[in-house]
Amino acid sequence: FWLANNLIAQIPGNSGAAKEHSIAWALKGHGVLLHPEGGVGWHGNVVAPLLPGAVEMGFEALKRGRVTDQDFKVWIAPVVWKLAFTKNVEPALAQECAYVEKSLKIERRAADTLPERVHHIYATLLSRDEIACGMAHDERASYAARQKQLLLELSRRLGEGISADPGASEIAELLRRSRRWLREGTGDAERQKQIRSLADTIQRLQRVGPWASANPRIAQEEIAEHLKRIRNDHCKGTLRDTVNCFVPQPAGPRCAHIRVPEPLGLHAHPGSIDDALAELHRRMQETISTTVAELEAAGSFIFYPNPFYHR
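Quick note, the sequence shown lines up with residues 54 to 364 if you use the numbering used here.
Treat the hints as calculated values from the structure; they're not laboratory data.
Everything numeric in this text was worked out from a predicted model, so none of it was measured.
A portion of the hints provided could be inaccurate.
To be verified - Simulated pairs of lysine to aspartate or glutamate, DMTMM-like, Cα-Cα distance not exceeding 20 Å:
no., residue 1, residue 2
1, LYS126, GLU143
2, LYS140, ASP294
3, LYS140, GLU349
4, LYS72, GLU113
5, LYS289, ASP253
6, LYS72, ASP124
Stated by the list, open to error - Here are the computed distance ranges between Cβ atoms for each label pair:
no., residue 1, residue 2, range
7, PRO269, ARG162, 32 to 42 Å
8, ALA130, ARG244, 40 to 50 Å
9, THR343, LEU205, 18 to 28 Å
10, GLU315, ALA194, 40 to 50 Å
11, ARG229, GLY69, 15 to 25 Å
12, GLY238, ASN268, 43 to 53 Å
13, GLY69, ARG193, 22 to 32 Å
14, ARG209, ASN268, 45 to 55 Å
Note that beta-carbon positions come from the ideal geometry of N, C-alpha and C, so glycine has one too.
Work out the full structure, taking the sequences as your base and the hints as a guide.
Now the structure itself:
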């Protein structure tokens, strides 16, 4: 499917062949499509850190193309979009929220607004993670503060588990090392299970990023994303949940506001792969932020007070 549709080939365990196919395709003058975030994070206003594949393949194609043609050019043309509901979908969101509460055995508090219900679900799930970790939690602390403390403790345990040197304190680096540790088959089966569980929990917790608590208001689109993320991460075992993971259904009709930021010409870029990646991310985020601001100014969103927000 991926090869036939001119997408960066997904060949499990054989990324080298996948990249080679895409570079060869680009050298023939064709476009190569890929998802630069690597996955769906359910945060429509925020561009996640980009994977380097597009830039790496672009520079490699440029190098090979210049062997026979000194004027050979390679462009990375980003495409971004914002999905906005075209009507009030609160009843449908409330229905989906009720399904999540029932599925996860979380009691609804009668006085809670819709966003407060979503926040309560996340706070309850965080409490369960804290209990599983043997940590005491302060109900008065913000979600972000509690999440940060739990991530620090889980990261400490992960570092100890894989015998990482004390300098490897960055969570992203610890996760990279833990994946390598697991690939190499270090340790017995029980220890591998513990390391995998720690890494999975850290990654799941990180999917609610700082953006969740950055603004005093939250739109219906963001509430919908929270619910989809919860369902994807926590609701398992039924056909309905499996289908939702692969074909998530929106709460109502939406309009896709598609934008094309300025393409990045790698043939004219003097910097490194990291520099090009940072510039690509900047252009994408700037375009998304501008699009969201324009839609907000036009009254396209329905807002509520954001219970995740803290000063």
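Now for the hints, and whether the structure bears them out:
no.	hint	verdict
1	LYS126 - GLU143	violated, 48 Å
2	LYS140 - ASP294	violated, 25 Å
3	LYS140 - GLU349	holds, 14 Å
4	LYS72 - GLU113	holds, 10 Å
5	LYS289 - ASP253	holds, 15 Å
6	LYS72 - ASP124	violated, 23 Å
7	PRO269 - ARG162: 32 to 42 Å	violated, 21 Å
8	ALA130 - ARG244: 40 to 50 Å	holds, 46 Å
9	THR343 - LEU205: 18 to 28 Å	violated, 35 Å
10	GLU315 - ALA194: 40 to 50 Å	holds, 42 Å
11	ARG229 - GLY69: 15 to 25 Å	holds, 19 Å
12	GLY238 - ASN268: 43 to 53 Å	holds, 44 Å
13	GLY69 - ARG193: 22 to 32 Å	violated, 52 Å
14	ARG209 - ASN268: 45 to 55 Å	violated, 31 Å
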